[in-house]
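Colleague: Based on the provided sequences and hints, a complete structural model is requested.
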Amino acid sequence: MTRKLTNLTLKVWRQSGPNDKGRFETHVIESITDEASFLEMLDVLNERLIAKGEEAVVFDHDCREGICGTCSLMINGQAHGPQRATTTCQLHMRSFKSNDTIVIEPWRAGAFPIVKDLMVDRSAFDRIVESGGFITAPTGGAPDANLIPVPKPVADAAMDSAACIGCGACVAACPNGAANLFVGAKIAHLNLLPQGQAERYKRAEAMVDTMDEHFGSCTNHGECSAACPKEISLDVIALMNKDYRSAKFKNRKELSRN
Amino acid sequence: MTMLDNRPAATKLNSKVPSGVLADKWDNFKANAKLVNPNNKRKFKVIVVGTGLAGASAAATLAELGYQVDAFTFHDSPRRAHSIAAQGGINAAKNYRGDGDSVHRLFTDTIKGGDFRSREANVYRLAQVSVNIIDQMVAQGVPFAREYGGLLDNRSFGGAQVSRTFYARGQTGQQLLLGAYQQLSRQIGLGGVRLFNRCELVDVVIIDGRAAGIVVRDLLTGEVTSHAAHAVVLATGGYGNVYFLSTNAMNCNVTAAWRAHRRGAYFANPCYTQIHPTCIPQADETQSKLTLMSESLRNDGRVWVPKNADEQRPAHQIPEEDRDYYLERLYPSYGNLAPRDISSRAAKRLVDKGQGVGPLKNGVFLDFSAAINRLGRNVVEERYGNLFEMYERIAGENPYEVPMRIYPATHYTMGGLWVDYELQTTIPGLYAAGEANFSDHGANRLGASALMQGLADGYFVLPYTISNGLAPLLNKTLPGTDHPEFKRVEAETRDRYRAYVNVKGTRSPDWFHRELGKMIWDYCGMERDRNGLEKAISEIQALHDEFKKDLRVTGSAEGVNQTLEKAGRVDDFFQLGMLMCKDALAREESCGGHFRVEYQTEDGEAQRDDAKFCHVSAWEWTGDAAKSHMHAEALEFETIQLATRSYK
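Protein chains in written order, with the numbering used here: chain A, 1 to 258; chain D, 1 to 648.
Hints listed in this document are in silico derivations from the structure and should not be mistaken for laboratory results. Misleading hints may appear alongside valid ones.
Partial chain A-side listing against chain D, Cβ under 8 angstroms, derived [what the hints assert, rightly or not]: (1) Glu-55; (2) Cys-63; (3) Glu-65; (4) Thr-136; (5) Ala-158; (6) Tyr-201.
Below, computed lysine to aspartate or glutamate pairings styled on DMTMM-like, alpha-carbon distance capped at 20 angstroms [as the list claims (entries may be wrong)]: (7) Lys-518/D - Glu-485/D; (8) Lys-152/A - Glu-147/D; (9) Lys-4/A - Glu-539/D.
Remember, predicted model here, so these are calculated numbers, not experimental data. Built from N, CA and C at the ideal position, the CB exists for glycine as well.
Modeller: Next comes the structure, spelled out in structure tokens:
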């Protein structure tokens with residue numbers, strides 16, 4: 001069942017720092033087993049570069065099981081490569097053929113500056129969560145977990161949205177560099193649950209406003225959802241927009257009372 | 001430092017277990033603990049290193065209380081910590097099923113699961129606060145699985161006869177971590193926590209016998225800086241990556257705990273490592289890590305191998321009479337839900353006998369055909385759909401049609417920094433939480449208990465114990481980062497990292513790591529014996545010497561250099577590896593995850609020696625890992641009868 005792939009040409013983006021212009025570097029992988037993951041193929045490349053006395057290609061990665069959201073990479077122009085619902089770390093070489101040329105680039109988005117080679121800075125995502133992507137529930141005061149029943153379909157829908165891994169593929173795939181899928185997923189997760197109702201509109205407004213400071217605007221291409229390794233549905237963007245619109249009225253009304 | 005070598009084992013470890021009967025100890029502690037008044041809390045700075053379940057929950061809670069908190073993570077975002085990868089669930093003694101669960105039952109299951117090598121008072125407290133964790137996480141919006149009536153669902157897990165595991169599909173760790181991350185993010189937004197991301201702890205600074213702060217390396221610039229605090233919490237995870245191949249994330253490492261150890265914190269029970277029975281077997285030589293398939297799969301999957309080692313037929317053509325459902329045969333009352341260590345060793349024995357399955361004959365089957373027939377494909381998909389997809393992505397086979405192939409892999413480390421009841425290490429002011437400490441799981445951890453322990457430590461234990469430790473320090477001036485000791489440690493660190501670059505040898509850090517991992521797996525893995533361990537200690541030493549002479553790190557010590565980061569971590573793994581083997585050699589018994597071939601019963605089960613080894617082995621650094629000095633903390637059981645663990 002194991003096959004060997006031969007003669008792969010890699011065009012890898014190299015960039016020494018945020019201010020460097022950057023360039024493609026070409027490497028040939030003569031042979032690799034198709035059981036290897038894409039990142040294991042890059043490990044092999046890096047071992048070779050070190051053996052030649054050259055600097056290894058920098059790329060972000062950690063869990064290698066598709067859940068931490070650390071790995072990224074545009075592979076032949078597709079965020080996380082060609083396989084549906086699969087992060088780069090879970091992509092295996094069986095998705096490629098011998099003699100293929102593979103172009104490997106970092107996420108390309110204004111809000112994700114390149115740090116080095118294939119590594120980018122995604123901390124704008126954290127700023128959005130800090131502005132409202134939570135339920136205020138300080139430790140210690142929680143009521144019994146079964147006090148508020150959550151209908152199963154609601155819990156399931158919240159879980160569908162909460163499955164987001166914060167990798168940034170949605171932003172990288174979007175021609176506008178918009179983060180609506182990421183933000184919509186978090187807003188949908190928390191705003192669907194009964195526990196999230198108290199801050200529902202404040203949350204929507206704060207998160208969307210912070211998003212707008214960093215990211216481009218959504219024009220409904222839907223590339224984000226197609227690229228999402230967790231298949232987050234575009235519906236979350238509709239829910240976010242609805243809550244944001246309501247928030248603009250409700251929050252203003254509340255403010256005017258003070 | 002080496003003069004410490006001949007010092008007698010006189011230091012008495014004070015576990016500070018409160019007085020009173022077991023069930024009252026935690027209440028007694030809280031009733032007598034010193035408090036810091038709300039206006040004074042902001043005068044105290046606490047450093048929390050690591051932002052997994054234990055770190056994020058501790059940092060968020062301490063900031064909510066009013067302490068100034070500095071949180072450090074080497075990831076780009078706190079949300080990346082490896083707690084995120086836990087799949088199956090989190091235990092809590094809620095007894096929502098009415099199936100006979102209670103705090104006492106969870107406590108006894110955990111003690112028994114740990115093969116009577118954990119500290120009774122800590123475990124009881126863990127079981128007590130487990131119920132608060134579920135309340136807390138639900139309030140934060142963790143979308144746990146629900147019944148149709150809207151109440152929380154449960155599943156069962158290995159090592160227990162009740163259903164007490166709460167779960168969020170196969171992504172429980174992710175959802176809990178995101179809950180804690182969101183709570184932490186709120187505090188970052190409010191200014192209660194300052195976040196230092198892409199910053200790796202590289203040393204701990206001790207002044208006048210107390211933890212004064214830490215030295216970190218900025219992974220973006222290579223800059224080395226100091227941070228001072230009144231208390232330091234290490235929530236930096238376990239050391240399973242010492243084996244190279246494990247289910248840990250690629251960047252998990254022991255450096256924070258090890259550097260603290262080298263500064264005086266004792267390291268407890270390093271030989272207690274857990275091999276998880278259900279991982280996808282290694283496929284080829286480029287493999288960089290192993291992937292776990294949740295243990296919850298054993299609820300409905302049946303484990304078997306062909307009776308005949310030369311079996312050639314595909315799985316579905318092998319008739320029932322030619323299959324060996326060995327867990328059901330050997331452990332009829334627990335069957336496929338036998339605890340992790342027992343299931344792992346059973347698999348190893350059959351694979352060693354040649355009965356393994358798959359192209360490399362390095363796995364056993366986990367078969368869902370009976371469950372699919374009984375429950376229907378829909379129900380199986382509902383329960384395990386994402387795990388099945390994950391399996392197919394990695395192994396290239398569809399588990400609805402072909403049984404999964406699984407094999408044990410290193411997954412968790414029960415050993416860690418020695419802590420007392422307050423989770424304080426032997427260095428005053430330095431605390432360790434979550435997988436980084438040793439305290440709650442004894443020689444073997446039960447499934448769905450790691451998430452429980454991480455959150456218990458961070459949410460419900462540390463906030464009380466740290467206040468107790470800080471209160472006496474009110475209005476005392478503590479050394480700042482301009483203190484010469486900080487400067488000295490900073491300089492030492494800079495030299496250390498420059499030295500890795502300057503070896504200019506021929507082999508990469510990964511090459512050394514792979515070689516080291518093989519040695520530890522062979523000699524200090526699922527089974528250990530005296531000869532192997534003695535050999536390992538000298539071989540590891542030799543390989544470490546070679547590392548110092550032949551390491552090659554390309555690039556420089558400034559700017560992003562992942563090869564250099566790796567070199568520092570591998571260097572520390574070498575020393576830890578030696579200590580693991582030394583500990584395994586000293587513990588002349590088998591218990592939990594530590595199986596010494598020389599100490600087994602006639603039918604091949606672990607044979608404890610309670611007369612000689614009913615203690616925690618806490619190791620003191622002497623300048624050379626192979627010459628570390630052991631201190632024993634005797635384990636005393638007040639309510640538990642020491643018994644031979646039986647899951648038959």
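Colleague: Look at each hint and say if it fits the structure.
Modeller: Cross-check of the supplied hints:
1. Interface hint at Glu-55/A: satisfied, since its Cβ lies 4 angstroms from the closest Cβ of chain D, which is below the 8 angstroms cut-off.
2. With 8 angstroms as the threshold, the beta carbon of Cys-63/A comes within range of chain D, its nearest partner Cβ sitting at about 4 angstroms, so the hint holds.
3. Checking Glu-65/A against chain D: minimum C-beta separation of about 5 angstroms stays under 8 angstroms; hint holds.
4. Hint on Thr-136/A holds. Least Cβ distance to chain D is approximately 7 angstroms, under the 8 angstroms limit.
5. Satisfaction of the interface hint for Ala-158/A is found here, the shortest Cβ-Cβ separation to chain D being roughly 4 angstroms, below the 8 angstroms cut-off.
6. Given the 8 angstroms rule on beta carbons, the hint for Tyr-201/A is violated: about 16 angstroms separates it from the nearest Cβ of chain D.
7. A hinted pair counts as satisfied when its Cα atoms are at most 20 angstroms apart, and Lys-518/D with Glu-485/D does not qualify at roughly 38 angstroms.
8. Note on Lys-152/A and Glu-147/D: the hinted pairing holds, with a Cα-Cα distance of about 6 angstroms set against a maximum of 20 angstroms.
9. Between Lys-4/A and Glu-539/D the alpha-carbon distance is near 34 angstroms, which puts this suggested pair outside the 20 angstroms criterion.
In summary, the numbered hints that this structure violates are 6, 7, 9.
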